[in-house]
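Visitor: Assemble the whole structure, with the sequences as input and the hints as a guide.
Sequence order for the protein chains is A and B. Quick note on numbering: the first sequence equals residues 1 to 286 in my numbering. Quick note on numbering: the second sequence equals residues 1 to 294 in my numbering.
Just so you know, the hints here were simulated from the structure itself, not pulled from any lab data. Where is the CB? At the ideal position from N, CA and C, for every residue including glycine. Check before you lean on any hint, since a few could be wrong.
What the hints assert, rightly or not - A short, non-exhaustive set of chain B residues, derived as facing chain A with CB atoms under 10 Å:
#1 Arg26
#2 Gln57
#3 Asp61
#4 Val62
#5 Tyr93
#6 Lys98
#7 Pro99
Claimed, not checked - In silico BS3-like links for lysine-lysine, alpha-carbon gap of 30 Å or less:
#8 B/Lys28 to A/Lys95
#9 B/Lys85 to A/Lys118
#10 A/Lys187 to A/Lys279
#11 A/Lys95 to B/Lys269
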Amino acid sequence: MIDAAVAVSGLTKVFPVPFHRQPIVAVRGLDLRVQAGEVYGLLGPNGSGKSTTLKIILGLVSPTRGHTEIFGHDSRLVESREAVGFLPENPYFYKYLTGEETLRFFGRLCGLSGARLKKRIDELLELVGLTNARDRRLGTYSKGMLQRIGLAQALINEPKLVLLDEPTAGVDPAGSREIRNLIVDLKRSGITVLLSSHLLAQVQEICDRVAILANGVLVREGQLAELIAIENQTEFVVANASSHLVEEIESLIGRSNAQLIERRRSTTTLERLFLDATKNHEARNK
Amino acid sequence: MDMPHRFFSFGRIAAITLNTLTELTRQKAFYVLLIFALLLIGSSIFMARLTFQQEFQILKDVSLGAMSIFTSLLAIVATARLIPKDVEDCTVYTILAKPVPRFEYVLGKLAGVLLLLAISTLVMSAMFLVVLYTREQAMLHQTLSQMSAAPREQVDDALRAVRSSALNINIFPGVAIIYLKACLLAALTLFVSMFATTNIFTIVVMVFIYFIGHLQAIAREYWLQEHSAGWMARLFLVLVALIFPDLQTFNLVDDIVAGAAIPLGLFAKTAGLGIFYTAIYGLLAAFVFSGKEL
Ligand SMILES: Nc1ncnc2c1ncn2[C@@H]1O[C@H](COP(=O)(O)OP(=O)(O)O)[C@@H](O)[C@H]1O
Ligand SMILES: [Mg+2]
Chain A
1 MIDAAVAVSG LTKVFPVPFH RQPIVAVRGL DLRVQAGEVY GLLGPNGSGK STTLKIILGL
61 VSPTRGHTEI FGHDSRLVES REAVGFLPEN PYFYKYLTGE ETLRFFGRLC GLSGARLKKR
121 IDELLELVGL TNARDRRLGT YSKGMLQRIG LAQALINEPK LVLLDEPTAG VDPAGSREIR
181 NLIVDLKRSG ITVLLSSHLL AQVQEICDRV AILANGVLVR EGQLAELIAI ENQTEFVVAN
241 ASSHLVEEIE SLIGRSNAQL IERRRSTTTL ERLFLDATKN HEARNK
Chain B
1 MDMPHRFFSF GRIAAITLNT LTELTRQKAF YVLLIFALLL IGSSIFMARL TFQQEFQILK
61 DVSLGAMSIF TSLLAIVATA RLIPKDVEDC TVYTILAKPV PRFEYVLGKL AGVLLLLAIS
121 TLVMSAMFLV VLYTREQAML HQTLSQMSAA PREQVDDALR AVRSSALNIN IFPGVAIIYL
181 KACLLAALTL FVSMFATTNI FTIVVMVFIY FIGHLQAIAR EYWLQEHSAG WMARLFLVLV
241 ALIFPDLQTF NLVDDIVAGA AIPLGLFAKT AGLGIFYTAI YGLLAAFVFS GKEL
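Guide: Below, the structure is given as C-alpha cells:
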C-alpha cells in the first residue's frame, strides 16, 4: 500500500486547564487521510481544533491519544519533517532579520548551503513577489508580506507536503488571490497541500477534499465536488440570449415535469469587482 | 533529493547559533551594557596615583571587577528572554517544523550566548590591556626620568618592578575564569527560563542564585562547624552545590590583583568546574525542553 501523505488515526488532544477541573478537549477521535498530490482543506470555526491538529501532525504538540504519520514516518520522529513545509497561523518571524536573511536561516536549518541555497532564495523571493523587499527587515513588512515570506520559507527545502494554517486569513483580496494561485501552482507541480481555514468561499475553489471540524469532532469529510453538489439541479449560463429565447426556454421547462427554481441576471463576484477596480491603482509594497 | 536524516548536524546548530548572535547584537541593550563596562575600565586611567604598585592594583581590581560583573549581568539578561520569547511569538514552531531536533535548538541558542559573551570578554580585555599598557609606559618613563642619576642596576630593578606589577601573563587565566563563570550563569539561566512564565521571574531567581552562590562557601564552612558532617549533611551540601554553584570559587581576582600567578592546578580545577557546570546545565535545559509541551 502506498503511504498517504498524512495519516491521522484516533487522534485526541486534551489540554489541562490550570485551576479548572474541566480540561479542554481540542480534538476528539479524529481520523484523516490526505492522499499524495491533493489539496486538502481542514475547515471549521475558530477553536475547532484545526491548528492543534496541524501542530500534532508536525510533532510540535504531543497527542493525548492516537497517532499521526507523514509519508509513513511517525510524526514524533524528526525525519518525518524532512520533506515538509509549514506556514504557521499568523506567522511571526524574527523581526530583526531581512527577508533574505530569514530564508537563508530556514534554508540552513534544512541543510541547504552555498550556491544552491542562494539560487533557491532568489527563486522563492521572485515567486512570492518580495524581490524588492529582500533587504528590508521583517519588522517593516505588512501582514500580507509576512504571509508571503512565510510561504517562501515553507517551500525552501522543496517539500513534498506543505501544511498551511489559515494561509489567507487577514490578507487583502489581491494578496489572498495570489496565495490561492500559488497553492494551485503547488498542486500542479505535484506537491500535497493540507490547509486549514475558516474562510469557506476562498478555499472552495482550490480544495479537492475537505474535512469539517466542529469542537474537535469531524462532522463531514469527502470530495468537495460531491459534498456540495445538488444532485437534482442543473445550471445554465447563457450569453447574449434574446428575451424571445429566454421565454422559449421557460415555456419548454413549463411543458416538462421539471420546475424552474430561479432565473436571474448573472453577476460577477464582489471579489472580482474589487480586484478589477483596484488593479489600476496598485501601490502595493512589493 | 531524499537524504537520510542526520541525527546531529553542526550546520543546523551553527545556523541557530549565528542567528542568536545576530538577535542579541541587534539589540540596543547589549551596546549600552558594553559601553558602560568600557567606560568603567577606561576611567580607571584617571584613578588617584599613589605608588605604582597601588595604582596597578586598583586598575586591575576595578577592571577585572567590572568585567566580572558585566559578563555575569549580560549572561543573565541576554539568556533569560531567549527561548521564552521564541515560544511566546511562535517562532519556535517554524524552526521545529524543520527537521531540527529540539536539543539542537537549545544547544544552538546557548552557543549563541556563549559566543556573544566571548566577544564581549575580548572587547573588554582589549580595553583593559590598552589602559594597562598606557599606564605602564607612562610609569616607565616617569621612573626613568626620576632615576636619571641612579646607577644602572638600580634603574633596571625599578623598571622590572614596574613591569611585573603591570601587564603580565597572570591576567589571562583570570580573564578566562571570568568568562567561564559567565558561561555557567548563561547555561543556568537557560535552564531556569524553561520553567519561567516571565523574564522577571528568571532574572529574579538568577540574582538570588548569584548572591547565594557567592555566599554559600562561607555558609557551608559555618554550617559544617555547627553540625557534624554525616553523609546526610554531605548529600545535602552536594545538592545545594548543584542548584547554587559555588561562584566564589571563580573569584580569582584577588590573586591577580596582588600580582601573583594563579597556580596551574587551581586554574585547571576552576576552569574544569566551569565547563562541567555549563555542560550540565546546558544538557538539563535541552532535556527539559525536549519533553516540554509548547
Ligand atoms: N496550548 C493550549 N493550551 C490550552 N488550550 C489550548 C491550547 N491550544 C489550543 N487550545 C484550545 O484548543 C481548542 C482548539 O484550538 P485550535 O486548534 O487553535 O483551534 P482552531 O485552529 O481551529 O481555531 C481551543 O479551544 C483552544 O482554546
Ligand atoms: Mg487556528
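Visitor: Does B/Gln57 pass the interface check with chain A, least Cβ-Cβ distance below 10 Å?
Guide: It is violated, given that the least Cβ distance between B/Gln57 and chain A is near 42 Å, above 10 Å.
Visitor: Check the hint pairing B/Lys28 with A/Lys95 against an upper bound of 30 Å on the C-alpha distance.
Guide: holds (14 Å)
Visitor: Measuring from the C-beta of B/Lys98 to each C-beta in chain A, is the shortest one below 10 Å?
Guide: holds (4 Å)
Visitor: If you take the shortest Cβ to Cβ gap from B/Pro99 to chain A, is it below 10 Å?
Guide: holds (5 Å)
Visitor: Does B/Val62 meet its interface restraint, that is, does its C-beta lie within less than 10 Å of any C-beta in chain A?
Guide: violated (34 Å)
Visitor: Could you grab the alpha-carbon distance between A/Lys187 and A/Lys279 and see if it respects the 30 Å cut-off?
Guide: holds (26 Å)
Visitor: Hint B/Asp61 vs chain A: min CB-CB distance below 10 Å?
Guide: violated (37 Å)
Visitor: The hint names B/Arg26 as touching chain A; please verify it with the least Cβ-Cβ distance against 10 Å.
Guide: Nearest chain A Cβ about 4 Å off; hint holds.
Visitor: Between A/Lys95 and B/Lys269, does the CA-CA distance stay at or below 30 Å?
Guide: violated (42 Å)
Visitor: Given the hinted pair B/Lys85 and A/Lys118, is their Cα-Cα distance within 30 Å?
Guide: holds (29 Å)
Visitor: Does the nearest C-beta of chain A fall within a distance shorter than 10 Å of the C-beta of B/Tyr93?
Guide: Holds: closest Cβ of chain A sits about 5 Å from B/Tyr93, inside 10 Å.
Checked against the numbered hints listed earlier, the structure breaks hints 2, 3, 4, 11; every other hint is satisfied.
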